[in-house]
Amino acid sequence: FPFSLSCLHSFCSECWLQHVGMTMREQRGAAACMAPNCTCILSIDAATSLLSPESAQIYREFVESSLKSQGKSLNCPKCTANIDVSSSRSAQCRCGTVICTVCASIDHRPVSCGVYARYREAAG
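So for the sequence shown, UniProt numbering puts the first residue at 1; every next one is plus one.
Keep in mind that the hints were calculated from the coordinates and are not lab data.
Wrong hints could be hidden among the right ones.
[Unchecked claim] For each label pair, taking beta carbons as the anchor points, the in silico distance ranges come out as:
| hint | residue 1 | residue 2 | range |
| --- | --- | --- | --- |
| 1 | 80 | 58 | 18 to 26 angstroms |
| 2 | 90 | 118 | 18 to 26 angstroms |
| 3 | 55 | 118 | 43 to 51 angstroms |
| 4 | 105 | 52 | 33 to 41 angstroms |
This structure is a prediction, so every number in the text was calculated from the model and none was measured.
Yeah, the Cβ is synthetic: ideal placement off N, Cα and C, and Gly gets one too.
Could you build all of it, start to finish, from the sequences and the hints given here?
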């Protein structure tokens, strides 16, 4: 069956499985879309719809480890779970908390990080 990421570049699931396996064997971090010049990555959540539960857990651990070594992950301020922050300005933890990946605070959009920091300081 075909599988695609949010970029909508579609490839067969067998190709994706081979690509994910090769990406992990070569220690390249999260698997990227196979379309030329596409920067979309296979998120941990998206991997659960492609991989078996056991493989999805292995992929999760691999990506989290890779992100930590690159400094591209944060711990949730509420439940301390590890959150992938490599792909957008905000990220949602599995507990439901949305955080700003720029300043690691609870998501404060549309307010800038600087304005939010001043607000937090004033609020005590």
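Hints versus structure:
no.: 1; hint: 80 x 58: 18 to 26 angstroms; result: 22 angstroms, holds
no.: 2; hint: 90 x 118: 18 to 26 angstroms; result: 20 angstroms, holds
no.: 3; hint: 55 x 118: 43 to 51 angstroms; result: 45 angstroms, holds
no.: 4; hint: 105 x 52: 33 to 41 angstroms; result: 36 angstroms, holds
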